[in-house]
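Number of protein chains: 2
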Amino acid sequence: MRNDALTYAQAHQDEALAGLQELIRIPSISTLPENKADMERAAQWLVNKFAAIGMENSAIMPTPGHPIVYADWLHAGADAPTILIYGHYDVQPVDPLDLWDTPPFEPTVKGDKLYARGADDNKGQHYTHIAAIESYMKTAGKLPLNIKFMIEGEEEIGSENLTDFIANNKELLKSDAAVISDTGMIDPQTPVVVSGVRGLTYMEITLRGSHRDLHSGAYGGVVENPLNAMARLLAKLHDDDGRVTIPGFYDKVKELTALEKEQFAQSLTTDERIMKETSAPALWGDKEFNVAERIGCRPTLDVHGIRGGFIGEGQKTVITAEATAKVSMRLVPNQNAETIAELFTKYIHDIAPPTMTTTVTKLSAENGAVIDMTGPAIEAASKAYEFGFGKAPVFSREGGSLPIVTNLVEVLDVPVVMMGFGLPDDDIHAPNEKFHLPNFYNGINTAIYFYDLFAQG
Amino acid sequence: MRNDALTYAQAHQDEALAGLQELIRIPSISTLPENKADMERAAQWLVNKFAAIGMENSAIMPTPGHPIVYADWLHAGADAPTILIYGHYDVQPVDPLDLWDTPPFEPTVKGDKLYARGADDNKGQHYTHIAAIESYMKTAGKLPLNIKFMIEGEEEIGSENLTDFIANNKELLKSDAAVISDTGMIDPQTPVVVSGVRGLTYMEITLRGSHRDLHSGAYGGVVENPLNAMARLLAKLHDDDGRVTIPGFYDKVKELTALEKEQFAQSLTTDERIMKETSAPALWGDKEFNVAERIGCRPTLDVHGIRGGFIGEGQKTVITAEATAKVSMRLVPNQNAETIAELFTKYIHDIAPPTMTTTVTKLSAENGAVIDMTGPAIEAASKAYEFGFGKAPVFSREGGSLPIVTNLVEVLDVPVVMMGFGLPDDDIHAPNEKFHLPNFYNGINTAIYFYDLFAQG
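Chains A and B are the protein sequences, given in the same order. Throughout the first sequence, residue numbering follows the numbering used here, covering 128 to 584 in sequence. Throughout the second sequence, residue numbering follows the numbering used here, covering 128 to 584 in sequence.
This is chain A alone, in the form it adopts within the complex (with noise of 0.2 Å):
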């Protein structure tokens, strides 16, 4: 049965691709009003596809914001195990678009590389279940274990209505462990098993000097300019050291033991790679720490973007009315999101100059989770990745944030297995976003070799 789907899947990698470019089409910008329509196109969409391969009560679940996709097959009979799929059909803006060497939403091969928006994140790494489902069913008509699908629209927009919609559901969704394609590898030969993810508070800061903007002319150096007290209070938020210097900031943050310092010496993520994989002229970064345990387990600070005053070409004097940064912190497993937002929120205002109208803004709070690498589930993954991509996994907390896997820990109770295919330089959530296409190739092998590992135990 898995060898025939692994022959078909191998006959039909056209029709896959041809099926992802398709969806990768639609242009599922979770956070631009004006892509609503497009929101909906796209779960409608996943709906009909997941009729098509087989799958049954193929469904748009409406929540407060963009919809969430739900489909089962509940067939595999009563000792078979059920695992819960998950993935994102949202996806990042696309700007600066001048930077985009083809356009973001029409999906372009070059080589053995797919160029598109959403081509990683997340669109190709679900389809590779969507290819590894249709594999089985155009051959045996059936599948090893039982499977249910939640594609959500808001991954990119912080999860907002996942929680809730989880926590009514929790009938529905109920599953022996859930799978998530969301994560990368260290290279397309080496396969990552995730054991932890990072939190991410994600906050606003306005700074307002004046109802209207000035004329630096006229009142430079008298009316404090909301551009420069911002650089100002941005400053204040690292120490000479890269540390972050908000109060209380680190205080949960947990100290790495003698086999986690063991396990990060040895990790391929190194000074060497980060340098060329970004052509940084130098690191940076808390001294104490080596890299792979900077982006594996410390907590990060950083500002996504300064609005206010004139950025086009050429000269404008103008004193902007008001700046806001935008500013996220990445949170280890221990701190908590909301505590975080608290003790940020705070910081500000004491460190604000009296000169500004200071306004902060939440506009996410996530926790972290740490993962637990035992069990069928996991050892499953872990065959599955060496039969797919030729070589065992590595096991690495992943230093990016993934709000689901909060959320399947803490209220579904059910091992979480992140199995993903993405790679360093796909430059997700960036101009050129690509996906490898060997890595979408042997992840729908790898998804196919899971489905049947894990259903054998």
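Bear in mind the hints are in silico, worked out from the structure with no lab data behind them. It should be emphasised that the depicted structure is a prediction, and the values quoted were computed from it without experimental measurement. There may be inaccurate statements among the hints.
Repeated chains share a single entry, so a pair holds when one copy, or any two copies, can fit it.
[Unchecked claim] Derived pair list, reagent style EDC-like, types lysine to aspartate or glutamate, alpha-carbon separation capped at 16 Å: (1) Lys163 x Glu440; (2) Lys240 x Asp552; (3) Lys269 x Glu331; (4) Lys301 x Glu537; (5) Lys473 x Glu331; (6) Lys388 x Glu513; (7) Lys489 x Glu440; (8) Lys297 x Glu537; (9) Lys510 x Glu415.
Since the structure of chain A is already known, use the hints to place chain B on it.
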């Protein structure tokens, strides 16, 4: 002759307003390439207008950038003086467009105010002279003195080609006084004769951290974020007292004399006035000087915008590949703008972190100027203001920068009269720019008086 002109101007205010509105409707934004044709349309409109009111030799004078409009009328007789009237037909960009209450290029009258981009700066201001001349021509058929017009199209982008134009056309532009209506008054009753303008050096700093945008979960804490680094860098440009930290920045700044201190102490530019005009919660700047001194005779440094990353609604956890800050410095007359550009560049490279590839670019550098406050032109202007607005003008250093003043003083060696009709809340360079219509009409009268008073010596 003068009284007939005044009577005509009074009776034809609507016509003057309609003419100004026609000129405003042409969106002559000099800094945007897409408005190039509009720049040409605005120049041609002025050429036609000058011809229509009886000026001669009305022509578009090409430059390597946007053209200059010239026109003259030289039949006042051998003994009559000649004035050169300067203005600019280019305007600032209009973003953020959503903050405008009415379309920026659809001039809208509300009460006694005209709202539009360019309503004050500078179309409304130089149009006072067009209407004044028309009033003489339509009544006496001649002017009391000789007049030359030079209306440029690059004031808002640094008047790059004006210096060469003036240097190459000294004979054409030869005059006994230059008149510039591009400055402000204290309030609708209190005119100002400007006794000095500041220089301006406009720079861009680019910090590049990586060759591509990065995901903060994957690289945060190990590759420095250019926006974090930019904030640190910009924060270092002022000390805690609001003084600029660039070594050598204040070297050429003259100490105030006891007399100047006394004059500034009596200035109408007070803390209360500034706070009322801006709603700033608290003022800012070097406490060694009062606000009038800080605006009038101290150099300043302002950040006008920071480009890079994500500034839309919602969340994006990108680490931008590079960030660019636009920074300008207002200079007092003794500072050399080119020297300041060099000091700035050196300092930025000195303090820029090794994690960044740093580029510093000079966009423009213009010296300030002190104006001779004696002589018949200034005397005639003072008297004309008094007749036009019912109150003698105060003398004041201008906080803004007018490269033209430096050019006229240094190259043509001609006395400059700055006879402006703007108000502090005209929001030039900002959304909802306006012109106070009583100032427009009184400005026309003031110009009519001035030509006559100066002709009489």
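The hints, checked one at a time:
1. Lys163 x Glu440: Intra 32 Å, inter 14 Å, cutoff 16 Å: inter-copy only.
2. Lys240 x Asp552: Classified as within: same-chain Cα gap 11 Å, cross-chain 56 Å, threshold 16 Å.
3. Lys269 x Glu331: Close neither inside one copy (49 Å) nor across copies (63 Å); limit 16 Å.
4. Lys301 x Glu537: within (13 Å within a copy, 83 Å between copies)
5. Lys473 x Glu331: within (13 Å within a copy, 33 Å between copies)
6. Lys388 x Glu513: Answer is neither: 26 Å inside a copy and 81 Å across each miss the 16 Å cutoff.
7. Lys489 x Glu440: Between. Shortest inter-copy distance 13 Å satisfies the 16 Å Cα cut-off; intra-copy 32 Å does not.
8. Lys297 x Glu537: For Lys297 and Glu537, only the intra-copy Cα distance (12 Å) is at most 16 Å; the inter-copy one is 81 Å.
9. Lys510 x Glu415: Result: close neither inside a copy nor across copies, 35 Å intra and 73 Å inter.
In terms of the numbered hints stated before, the structure departs from hints 3, 6, 9, listed from lowest to highest.
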